[in-house]
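K.L.:
Between the sequences and the hints, there should be enough to build the whole structure, so can you do that?
Protein chains in written order, with our numbering: chain A, 1 to 551; chain B, 1 to 551.
You can trust all of the hints, since none of them are fake.
Some, not all, of what chain A presents toward chain B, calculated at C-beta under 8 Å: (1) 17; (2) 61; (3) 366; (4) 371; (5) 385; (6) 388.
No farther apart than 20 Å at their CA atoms in a straight line, the calculated lysine-lysine pairs in the PhoX-like style are these: (7) B:513 with A:280; (8) A:177 with A:222; (9) A:394 with B:363; (10) A:115 with B:115; (11) A:394 with B:513; (12) B:394 with A:517.
What the hints contain is simulated information worked out from the structure, not anything from laboratory work.
Ideal placement from N, C-alpha and C gives every residue a C-beta, glycine not left out.
2 protein chains.
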Amino acid sequence: MPVLRVAIAQINSKVGDILGNAQKIASFIEKSKDFGADLVIFPEFSVTGSPAYDLFTCKSFVKEAEKGIEYLLPHTNGIVAVIPSVRLFGDSLFNSAYIISKGGVLKSYEKRRIKRLTHLDETRYFHPGDRPCVVSVGGVQLEILMGEEFTDYEKRKDTPLILVLDSSIYRVGEIDKKREALKKSFPDLHFCYVNLVGGQDEWIFYGGSFVGYGERILSEAKTFEEDLIFFDFELRGEVSLFEEKVSKKDYEKPIVPLRGSPPKDVLEEEILKALILATKDYAHKNGFQTACLGISGGIDSALTAYIASRALGSQNVTGLFMPSRYTAKESYEDAKQLARNLQIELLEVPIDGLIESYFNLLKGILVEELREVTVENIQARIRANLLMAFSNNKGALVLTTSNKSELATGYFTLYGDSAGGFAVLKDVPKTLIYRLCEYVNKKEGRFIIPKRVLEKEPSAELKFNQKDTDELPPYHVLDSLIEEYIEGKMGGLEVENKPLLETVKETLMRFFKNEYKRRQAPCGPTISLRSLGRDSDFPITNLWRYREWSL
Amino acid sequence: MPVLRVAIAQINSKVGDILGNAQKIASFIEKSKDFGADLVIFPEFSVTGSPAYDLFTCKSFVKEAEKGIEYLLPHTNGIVAVIPSVRLFGDSLFNSAYIISKGGVLKSYEKRRIKRLTHLDETRYFHPGDRPCVVSVGGVQLEILMGEEFTDYEKRKDTPLILVLDSSIYRVGEIDKKREALKKSFPDLHFCYVNLVGGQDEWIFYGGSFVGYGERILSEAKTFEEDLIFFDFELRGEVSLFEEKVSKKDYEKPIVPLRGSPPKDVLEEEILKALILATKDYAHKNGFQTACLGISGGIDSALTAYIASRALGSQNVTGLFMPSRYTAKESYEDAKQLARNLQIELLEVPIDGLIESYFNLLKGILVEELREVTVENIQARIRANLLMAFSNNKGALVLTTSNKSELATGYFTLYGDSAGGFAVLKDVPKTLIYRLCEYVNKKEGRFIIPKRVLEKEPSAELKFNQKDTDELPPYHVLDSLIEEYIEGKMGGLEVENKPLLETVKETLMRFFKNEYKRRQAPCGPTISLRSLGRDSDFPITNLWRYREWSL
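P.N.:
Written out as structure tokens, the structure is:
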């Protein structure tokens with residue numbers, strides 16, 4: 001019986017690197033041909049990378065994207081390739097999928113449902129297409145859909161296979177949600193879903209491509225890494241009805257085990273994978289092989305260092321321990337222990353001398369005493385200057401260690417601990433950092449994050465006996481408020497409990513007052529349903545303080 | 001003959017300060033009543049301030065805005081007030097204008113044309129209304145329009161007066177453009193146009209409210225400041241047709257002179273007013289009475305200091321002169337001269353000692369020599385730390401001095417000269433800075449910006465004999481490329497001249513490569529058609545380099 005072999009190429013494109021992306025696509029096409037595929041499909045925006053934002057408004061960029069397709073044409077003898085890119089008709093730009101074969105463009109599909117997505121406002125750049133696209137490959141009628149167009153798909157007679165080309169970003173819970181939605185949309189149809197993979201600034205494309213038929217998942221690709229999977233459809237009769245057949249070991253790649261019910265800890269594992277991919281791609285795509293970060297002996301820098309060492313290799317990560325008079329002896333021990341455990345380099349740079357020099361200079365121009373906040377911030381900014389100098393000299397990416405709880409409340413020093421290229425934990429609240437560290441230790445089977453780091457009370461160590469709780473509510477309270485009031489719908493303050501109401505108000509006031517700091521913070525990967533980066537948009541100048549109407 | 005006296009209240013609302021805005025509105029209503037007005041109209045978003053962005057998603061904020069209208073009701077005996085705010089119907093939020101009188105809401109108008117504006121994406125927050133709104137005041141039928149709804153207005157019988165409530169932002173050329181569009185839309189109708197005024201983060205509402213009839217401007221308010229103007233419409237007959245009559249000196253405020261053809265230098269004057277208002281409002285609305293900035297002896301800090309002294313008062317501005325071994329003697333003289341001219345305080349903080357301390361510390365952890373970029377950035381970041389410490393201790397706003405040419409090319413030190421709360425010249429290219437300084441000197445009738453500052457070659461003074469042109473094209477070339485390729489449509493590189501083509505490519509590569517710096521830069525006022533802040537959206541990770549297709 002004749003067979004249609006489909007290759008699903010889950011690739012990691014780079015934004016703007018049209019030549020590199022085209023070369024990568026070509027190599028995936030060649031590999032698909034080597035394994036006898038009749039059809040190979042690629043994720044949305046494979047040629048341009050995503051999200052390219054205002055690059056789509058650069059004519060020369062769009063022209064080059066068209067050259068990218070030309071470059072691929074010679075690779076398509078003996079195979080049909082479905083390759084998403086952009087296409088210009090007159091002055092109108094479309095989010096298109098090119099169907100190419102035998103050295104020519106058979107046709108292209110222009111995405112019809114142009115949406116305002118959080119990570120890419122398509123309506124800002126693209127015109128919507130106006131017609132569906134059905135292609136015949138090896139006697140089988142295939143229909144192409146892009147993005148979320150599948151959600152209200154109406155089954156066509158004689159079109160038994162649907163291709164869904166997507167560029168869907170990770171958020172906690174999103175993988176399963178998307179999968180369920182696809183299953184529901186095609187209760188009695190075969191479909192191949194291919195999703196982009198890779199980190200791009202604040203977004204993580206998670207991959208997770210798969211072949212399905214209604215509730216059944218027939219084959220699936222990995223999440224958070226590139227993959228190429230094959231699937232054979234066996235054709236029955238002339239009207240293209242068919243049954244699937246998982247192809248045998250006639251190509252090297254084994255069918256990956258199906259996901260089934262997620263294992264315990266899947267959330268932590270998933271989030272870690274997401275953060276590691278985001279960090280790796282931010283570094284590598286921006287030309288950094290190495291990274292550096294301040295290691296304080298605290299939990300945030302410990303987790304950041306762990307993620308960095310897994311993303312870039314331990315030998316490529318350098319920690320700077322920059323103690324002052326306020327640094328506890330335990331912090332040094334914990335920092336050293338962590339570096340040993342992770343096998344990363346740890347350099348020590350004591351900053352008390354510099355602190356004194358700043359104090360003396362400032363005494364020359366100030367009549368009053370230095371305020372506490374001044375003294376604290378000077379220290380954090382000295383550390384930033386040292387880290388940035390190290391970065392400038394070594395070409396190492398500075399990773400920042402601020403977490404979401406700090407970002408939300410402004411509990412960090414601008415140009416101090418927030419200074420750097422990539423904020424790995426920007427969307428990770430403190431309580432989740434604890435959970436992730438515990439998971440890491442469990443997974444590694446040892447205290448790779450030292451036990452005391454998990455147990456001691458969090459402190460910025462910018463003055464003696466400082467504790468985060470001097471200024472902030474306990475993190476389990478704070479994080480639940482952030483989730484409810486900042487990530488959530490920002491509803492009214494219907495809080496019965498009076499003292500809690502005060503805490504809520506204070507937290508929201510801190511949140512609003514510190515927008516200026518967040519605006520100048522580096523980007524970091526999004527994992528939640530509402531990050532404090534591009535998911536939110538608050539004015540800096542903002543006198544809204546949830547004050548009581550007092551008239 | 002009966003007269004309808006209309007008051008046009010061009011107010012400066014503060015985002016989020018609903019109580020304060022309501023109190024201000026109340027005082028303008030009272031003043032209008034004192035002068036016998038029958039009707040007083042306010043600009044779009046008067047109650048909430050604009051743009052409030054995601055505050056519109058906070059239920060408690062929206063509720064409070066409704067209380068703002070309640071607060072105003074008792075003030076409306078004997079007058080009709082048209083007050084824009086937001087209004088919730090069920091779960092749907094509208095951009096509304098309340099028509100209130102005699103202590104009650106007569107009706108409200110829900111804006112129908114909800115648009116994606118650059119400074120506020122209304123479609124993100126508001127539902128469109130579905131019906132027009134005509135109100136009868138003193139026997140005259142008035143129709144209310146908001147924003148750009150006037151552009152395709154179709155004249156109604158028996159509705160001889162149109163009220164246009166707007167919140168329109170400044171950009172070079174925008175004031176006249178809006179005025180011409182209004183005139184064209186109402187060729188044979190009376191209209192009152194009221195626009196918001198004030199600075200809000202990166203936006204400047206310019207005011208410029210006026211009363212018109214076709215081509216004729218009958219009365220106009222000031223630009224860039226609050227104003228209250230009155231206009232009398234004399235009613236003829238019963239069908240509400242009428243002729244205008246400029247009201248006499250029966251209220252204290254004189255009719256301001258009509259603009260007519262703009263005086264020479266109006267562009268420079270307009271831009272300066274815009275920047276001064278933006279700086280003043282950013283400072284004051286955020287609770288700063290004083291500001292500080294680094295004074296280098298160069299032209300950028302000179303203009304910034306001038307604007308700051310005019311925005312906040314000379315006595316409220318402190319300059320820090322922070323020389324190093326690379327600072328020329330002339331720079332110190334020029335800095336001192338500038339401070340004397342502006343009557344601002346100048347403090348001297350030499351930083352050579354600190355530089356040495358950093359070098360020594362870094363030698364302890366680096367085997368290689370310090371690179372040039374490292375040495376340069378350390379200096380800029382020391383200055384940032386000192387300025388921020390001064391700010392922290394004094395509660396003074398740090399103004400940054402980077403200009404648009406530097407922002408576009410990344411010719412600044414992140415966490416160094418870009419560190420601060422407000423970037424006054426963020427949207428002002430270097431060549432325009434020269435023009436503005438020359439205009440300032442002409443206007444003041446003396447070299448308030450010292451002559452040598454205008455004449456010497458620009459230098460960052462981070463190494464010996466450094467000139468900006470070591471790295472950048474001459475500014476007149478650079479600025480024209482920025483205008484054409486970055487502010488403009490980013491077209492293809494159709495450049496005949498080969499060496500120029502190289503310069504264009506290098507400039508664009510610098511632009512793309514430095515997005516990470518711009519993302520962490522503070523906000524600053526928008527004056528051009530395309531700022532490098534919210535008007536643009538480029539990815540940080542971006543491998544697009546205008547490279548030749550080399551295959």
